[in-house]
Structures are given as C-alpha cells and as structure tokens.
Amino acid sequence: EATKVLDKRQALLCVLAENCDEPMYKKLVQALCNEHQIPLIRVDNNKKLGEWAGLCKIDNTGKARKVVGCSCVVIKDYGEETAALDMLREYMKTQGVVS
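In the UniProt record's numbering, the protein residues as written are 1 to 99.
Treat the hints as calculated values from the structure; they're not laboratory data.
The reader is advised that the hints may include incorrect statements.
[Said to hold, decoys possible] Pair ranges (Cβ atoms, derived):
1) M24 / L85: 28 to 34 Å
2) E18 / Y78: 20 to 26 Å
3) T61 / H36: 38 to 44 Å
4) E1 / R42: 16 to 22 Å
[Said to hold, decoys possible] Once the Cα atoms are required to be at most 16 Å apart in a straight line, the calculated EDC-like pairs of lysine to aspartate or glutamate come out as:
5) K48 / E18
6) K27 / D7
7) K26 / E1
8) K66 / E51
9) K4 / E35
Glycine included, C-beta positions come from ideal geometry on N, C-alpha and C.
Make a model of the complete structure from these sequences and hints.
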C-alpha cells in the first residue's frame, strides 16, 4: 500500500525502517521518494515504527504490548496544526529532509 501511495504522489512524508528484511522493498521506497521528491525519514527499528503507527495494544499502565513490526509508514495528511507537527517539521529541517 505504501508504494502505491508514493507512486501516485499522494504522500507528504515517508518513514522507512532500516531493519526491513526486504532490501528490494527498501530500494523501491527510496527510489520512489527520490523520484517524486517525497521527504524520507529513516528509523532504526521496525518495531518502534509499528508502535508509532499504533500497531500495538496499550496495557493499563500505558506500555505498548504485542507490537507489530512495520517496514514503512506513509503520511498523506498531517491533520491539524499542533506542537508535535511543528517539532516534526523542525526535525526535518535540521536533518536536511525537505518537505
């Protein structure tokens, strides 16, 4: 699904896990982001990315449990303007990721 959104130029941002076990998939995602000038952020762990994407259960203490790994997340809509979005944009600027 992520590659379809990237190819249709519908993505505002792509986040890719470095430990993705499919090297050809990583190359494809990177190439699509380059070709369509879509900002790409790399994270080290697919479990962390899965947790950020909500692919987990949260227990009563607030800890993530049963986290499903995720190789790639594509953001199509940032939603409302928030402090978190401002922080993301600032991070992208400091890392040289163009938005």
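A quick look at each hint next to the structure:
no.: 1; hint: M24 / L85: 28 to 34 Å; in the structure: holds (32 Å)
no.: 2; hint: E18 / Y78: 20 to 26 Å; in the structure: holds (23 Å)
no.: 3; hint: T61 / H36: 38 to 44 Å; in the structure: holds (41 Å)
no.: 4; hint: E1 / R42: 16 to 22 Å; in the structure: holds (19 Å)
no.: 5; hint: K48 / E18; in the structure: holds (11 Å)
no.: 6; hint: K27 / D7; in the structure: holds (14 Å)
no.: 7; hint: K26 / E1; in the structure: holds (14 Å)
no.: 8; hint: K66 / E51; in the structure: holds (9 Å)
no.: 9; hint: K4 / E35; in the structure: holds (14 Å)
Hint compliance for this structure: no hint is broken.
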